[in-house]
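Novice: Sequence:
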Amino acid sequence: MNRADYWRKRRVNKRWKRTLMWSVVGISAVLTVLLSLRIYAQIAGAPSLAVPKATVFLDTDGHRAGDKFSMERRYWVNLDEISPFVAQALIATEDKDFYSHNGFDYTRIAGALLKDVKAMRKVEGASTITQQYARNLYLTHEKSWLRKANEALYAYRLEVFYDKDKILEGYLNTVYFGHGMYGIEAASRFYFGKSAKDLTLSEAALLVGIPKGPGIYSPAVNKEKSIGRQQLILSLMSNQNVISEEQSERAKKETLDFKYEEWENSKSLAPYFLDTAWQEAKDILTEKGRRFEEGGWVIKTTLNTSHQKAAEEAVEKSLPNNELEVGFVSMDPSTGYVTALVGGRHYLTSTFNRVTQAKRQPGSAIKPFLYSAALEKGYTPLTFMDTSPTIFTYDDGRSKYEPKNVNGEFADHPMSLAQAIAISDNIYAVKTFETIGYKAFSSVLERFNIQSKLQNSPAVALGTSEVSLMNLTSAYNTLAAKGVQKKPTTIISITDANGKVIYKAEKKQKKKQVINSDDAFLITQLMTGMFDPVFNDYAPATGISIRNKQTRPYAAKSGTTLTDQMMVGFTPSLTAGVWNGYDKGKQMTSAEDSRATKQIWIDFMEKVHEGLPSEPFMAPDNIEGVIVDVKTGGIATSSCDKQRLVYMKKKDVPKKLCTDPSIVSDLTKKDETSWSLFPFSLFE
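Just so you know, we're using the numbering used here here: the sequence shown kicks off at 661 and counts up by one.
Think of the hints as simulated: they come from the structure by calculation, not from any bench.
EDC-like cross-link-like pairs, simulated, lysine to aspartate or glutamate; straight-line CA separation at most 20 Å:
#1 K1170 with E1106
#2 K826 with D757
#3 K1244 with E983
Since this is a predicted model, take the numbers as computed values, not measurements.
With the hints as constraints, model all of the structure from the sequences given.
Specialist: Below is the structure:
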């Protein structure tokens, strides 16, 4: 061997040795990386598959009333609850070797890498179903090398700890199908109005094509492109022998019946009610140290579906065809349970809840609480006062206020409290406010938890201070409960995703008597007068227009201002409140607008009590009923034509007959000295 051959052979040997060495190093590096990945995966453990789940609301009977999604609309279904055509179409389109690889398609990865390197940026992916599932669970859709590396790590961990069916099920429940729909079940309901288990081959192929670009391939966005991609997927399935060519052709020709135009953002029975319940549930969960974002809650509510249906029907029947808005709420006096709630005429147009979020003027609907304070200060249902036109001065004489009645007329004789509340006389109310004083009135409002800031004006006696309908109805509910306050609630119980009950409402709230039961009964009886024509005077009793629909005793009070109308009332077992007005404070001028409130209230109350026995308001032991003459307040005889049963505290029962001449004299004296009978300053 000559010298040249020797050195040539030596160089060849060195190259082989170097190649062998680098091969060993490379293989060792790959093995080290794989071993490190395995160690990392074992240390990190199985990645969580948890995703936000729907919170389910049940009505008081345990029936499903609706659902709520903290972030994503999703209905989780098991793989065996999904049409097999969906999985077949998905695998044929996205990852035909899904069941044979370990999470990565190396051939596709190499091709994608080559294109990315040429473009010097991330332009094409080669993600398997596992990788896409990892991205859906843990990452964003940002196109970057760092995100791709993290995706690979998560995909590896998923493949290590979960079987293929679990991964496929998870992917189908997390992938985005556009229009706020996550997962195949939500998509199936949205696009076709059916469950995923009932999807046909044609429907399944169309849905599988959407996630590639929901803004492009959704049939609600571009039906032509959506169908085009569906046809491609069906051809792929046929070419891969997943389905026969005959099945493919038949599916391509199938006429699809899309339902997305019929979809409403809320399929709930009572969306305003459920919004209220959700807010209350969030507060409860926060107090319990739980995060409502977890989802999966089962919330049993106080919703009475028959009450809710009756409320919605009453609203629909009586609301005029204009922009007049509505608020309605009903509740149980014995528990404080809210049984129905309507927060506006169209939830899809406005989610603003006019029962809980709006504060409006209650008008004369505030008077029962003014007169509750008056009873505590010595008034009786037969306290008479002059109700002729009066100018009131206040603010140390610097301001004047001249109240008027709705029809602009006034009484030409003294009037009792019983008649004044029945026809809603405003002079009587303001005089009462001045005689009992600001502090007495505000004290009662505070005890009833009426959250309204009283102005420094006699006009507050006529309900000019704003209050929410929920707040006011709750106060009436306290009267219905004989003066025992029950906090209004929409939640009976909350159960977490693991079936553990973490909250249960107390069946019996701690008793809080905010007004004497005798006075609560007297106010209740006074409010029955609005339906009684015996009190008609210069104005009719305020409930006469709906008296023809009345089949049982009701205690109620209406209130009217230029911009708002309210009516709240109750039977011994149910309280209901209605508000009507315009969102922007537009004045209510039409007769249609004015009729709506009382009609909604009476239609609801009659419907929900239909078939039930009439419930009387039971008098306490210290109360006595006496038939009196409405004009004089004396014990009625056949000579007095305006007779009415009035309940009084036994000590206040009148002793004189209505025919006694001294009664007229007494009324005149009371009229002349009405300001000295109750010597309390306005803001005492």
